[in-house]
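Residue numbers (the working numbering), protein chains in the order written: chain G, 133 to 466; chain X, 623 to 856; chain L, 13 to 441.
In short, the hints are calculated from the structure, not lab data.
Be a bit skeptical, because a hint or two may be false.
With the Cβ distance kept under 7 Å, some of the chain X side facing chain G (calculated, not the full set) [claimed, not checked]: (1) Pro-694; (2) Val-698; (3) Phe-704; (4) Lys-709; (5) Phe-712; (6) Ser-714; (7) Met-723; (8) Phe-726; (9) Asp-730.
BS3-like mimics (lysine-lysine), calculated; alpha carbons at most 30 Å apart, straight line [stated by the list, open to error]: (10) G:Lys-233 with X:Lys-696; (11) X:Lys-676 with X:Lys-629; (12) X:Lys-749 with X:Lys-676; (13) G:Lys-237 with X:Lys-676; (14) L:Lys-384 with G:Lys-441; (15) L:Lys-130 with L:Lys-194; (16) X:Lys-696 with G:Lys-225; (17) X:Lys-709 with G:Lys-237.
Yeah, the Cβ is synthetic: ideal placement off N, Cα and C, and Gly gets one too.
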Amino acid sequence: MTELVFFTNQVIISGLVLGCIYALGAVGITLIFGILRFAHFAHSELMTGGAFIAFLLASAFAAWGIVTPVPTGFVVLPIAMVLAAILALGIDKGFYAPLRKRGAKPVTLLIASIGVTLMVQGLIRLFFGAGSYSFFQNEPKDVFRIDLSAIGSTRPLVITEPQVFMIVVTFVSVLALHLFLTRSRLGKAMRAMADNADLAQVSGINTALVVRVTWIVAGALACMAGTMLALDVTLKPDLAFNIIIPIFAAAIVGGLGQAYGAIAGGLLIGFAESLAVFNWTMVLRPLNAVLPEWMQLPATLALVPTEYKLTVAFVILVVVLLVRPTGIFKGASS
Amino acid sequence: MPLIELKHVVGGYGGAPILNGVNIAIEKSDIGVIVGPNGAGKSTTLKAIFGLLKVTGGTIDFGGENIANSLPDKLVPKGLSFVPQEKNVFTSMSVEENLEMGAFTRRDDFSRTMQWVYGMFPVLAEKRRQPAGELSGGQRQMVAMGRALMSKPSLLMLDEPSAGLSPRYVIEIFETIQRVNKEGVGILMVEQNARQALAFASKGFVLAGGQNRFTGTGPELIADPEVAKSFLGG
Amino acid sequence: MIQRSLTLFGGLFVLILLVGWVMGLPFTSSRLVEAAAYALIALGLNIQWGYGGLFNFGIMGFLMVGGAAVTFISAPVNPVFWGSDGPALLGRALLAFAGGALLVYGARKADRIGITGKWKTVLTVIAWFGAYVLYRSQLDPAAAYIESSAGGGWIGGLGGHPVLGWAFGGLLAAGIAFIVGKICLGLRTDYLAIATIGISEILRALIKNMDWLTRGTLTVSPIPWPTPLPQDLAGGGMDNLSALVAARAGFLVLALVVLGGVLWLIARAYAGPWGRMMRSIRDNHIAASSMGKNVTSRQLEIFVFGSVLMGIGGAMLVSFVQIFDPSSYQPINHTFLIWVMVIVGGAGNNWGALFGAVLIWLIWVISEPLSKAVFDLVSMWSTNFGWGAIPEIEARSAQMRVFVLGLVITIALRFAPRGLIPEVVKREG
């Protein structure tokens, strides 16, 4: 039983948490790709920027002496998401819209998004330096240790309070996104434009409005993902820059343009990363008693060493691009 | 006053103009058919009306104002609808969602319009939950027309509605178009099946080189030996 | 057009003189050597993107490969390693690798013995897994042994001439580019961009963590120069400053010779039928392939060729700074920077790429001292007004260059999308 609990802690919980963050980031990338047909590289900066906005708000709350029963990061999240959505709209208006108007190719927009990445990175580092920050300077990070000795485990099930919230919040957001895309007039218009932009225009759909809504949704979800990542680890200027490729991998694995595919892809990559670095010896150790001397398990028996955790996503990405470039679910082809 | 009137329309995609003075006038009760050789500017005329390319000269009067260079999201609420020739359904969305997208500009309750469309195309009502991409060519054409009708247009424009359809479906789609017209929707369409379409057209326009060559009722044009010789293949 | 280029290059020359005057000769001479290496790298990207329209976002990986190659060739021989069991263990790992490769090859040919379809896929996956386990089972103990003191820490270099190392850097980059190109070149532009980033990250992780081969984060230094070092010249009786400048001038001359040779070769090739074919492929993929031209293999050619220049440039940079530190490589400094150089300079024009490389490198290196000066000034004012000084000026100015780089590229895309010295479009036929 101890082994099973260990597996749950190391793979299921950590994979789920990572997967949630990847999924929320990938949804934004996939929506932007579906509507505007370019790979939005600066999505990482929307995530990091959103996390810093949330951090500033949380610090302000702490300074005003407001104490909240749940981690402050989650309380300020809705406000931060609104601000991040405004930031995303501003970036589009300032940098991408003029290029689109000129009829620039998607490649030009991709390069422009790299310019935006650099500028936002530079600004964040200018104001916050290169150090790291914690949301839990003024409040404790609660860790739940669920004693499972009743079912014969010597180890407790460990999950932190932000992780619980994170999983719940992601689940609720995905449900809300689903309802938005399938039930609301604007959500359907978004799907229509991703499906066939010319026909959407011909139908009288206000495409400029759909573009704005896309940025609002993507910006808000990016802020959510960034803040939750910062709550789980620590907040630093290259918080999301380092994981943008696994997020792209998630979007591509799910099929670019497919919102549900991005969620599945995010969870898949998250679990794959946790599983790949999992030390199987911890679970298989009882076998040592029955195995002969020369077949004793080594101290670490993981598929890939921990240093290579991030490369798991890249390998999955490359394999998917090779075997099924349109993603596991059929992606946009143009 | 005609429903729509194009006077000396000149326009193109930025380079040399493709339309060099097109004149068209349609009443609400009319079925107008534009025919002509390839590259004559037939589809371009429809796109010019719908604001999809630049009109540099002439006027397009619709509902008492010049709508030249207005964009679709302004034109659809005014009562203009367009069914493109290709890629004219949202393949990943259900039939019903396709119809809803046609009503995007309407803020009122459109369930009665949807009933009307389903009444006209009963097969769509059966497949309302199915993705439009899974339907046959003829059924897709119905979805496309249904979508365009959802905005309750006074003028429906169709770009080669019979292209790629089997002869049985061509007859069916032409019958549907006449039925829609009887319900009070003006029709302006471009057709390759010129003879068949002109047979029921109350107005026919033969374009060549971006200009009107012949204008008359459909049967008149079919009967005109010069039109028949040059444009209807003898 | 020519006038414009001459004016721009003249302006660049004045800028170099200005930097030399303000920042001093030692600083400027170093930056110029680096600029020459970056110019070579930018030419490589210009071939891939400007000529071929290929979206390589994995430049960092190729620079690292070049750096590792020159380290391997020119670092001194490590006698401890060669006297230990290390070589034998590595030999076994190599055999295991070959065995694994055979296993995978066999599985892929399984249809010969009647295993097809789904079963073949299953067999291939199992073969890959088996090959991986086999290789790891031999490599891991070998790596652990070599990294221990008995094995000498790492395998060491070959003690060869650094220029040989540059050539090897180009060769190794070519080999990797060939594999990467085979895998990725069929992909559409944005997929290609993401795939190449992914591959360069894999390369970075490998080079950073294979301590036995590259010493990883422990870094290798000093790596010898191809030309006399300042201390050699100072030993010959020169004063320290002139020895430093003279030695760097020597390195610069060598770098410029390489750069000039490469430029001449590319210009010749591009003016000929090969260049015409490349342009036709880039501008009209479908027409070119329908004319019976083998587009993919031509693109592979261009991808490999461009990567060679990146490998050589990366090797040059490492030999110049004399230290190979895998953890100093960042996508911003080693991939995006090059892109900004080519876009600002003018994709498709070699002189544009060259101009962009030198200009952007100068902007990149002077934005830090420049912003420090600005911050100092503002800080002085704000102190005088009683608002207090700006804290941590040093750290903040170091970050300004990233912002400046982003600003430069967005301005360029908006107002000069074809670059400062744009491609001269030749009308043919």
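Structure-based check of all given hints:
no., hint, verdict
1, Pro-694, "5 Å, holds"
2, Val-698, "3 Å, holds"
3, Phe-704, "5 Å, holds"
4, Lys-709, "6 Å, holds"
5, Phe-712, "4 Å, holds"
6, Ser-714, "5 Å, holds"
7, Met-723, "5 Å, holds"
8, Phe-726, "5 Å, holds"
9, Asp-730, "13 Å, violated"
10, G:Lys-233 with X:Lys-696, "19 Å, holds"
11, X:Lys-676 with X:Lys-629, "15 Å, holds"
12, X:Lys-749 with X:Lys-676, "38 Å, violated"
13, G:Lys-237 with X:Lys-676, "21 Å, holds"
14, L:Lys-384 with G:Lys-441, "38 Å, violated"
15, L:Lys-130 with L:Lys-194, "24 Å, holds"
16, X:Lys-696 with G:Lys-225, "22 Å, holds"
17, X:Lys-709 with G:Lys-237, "22 Å, holds"
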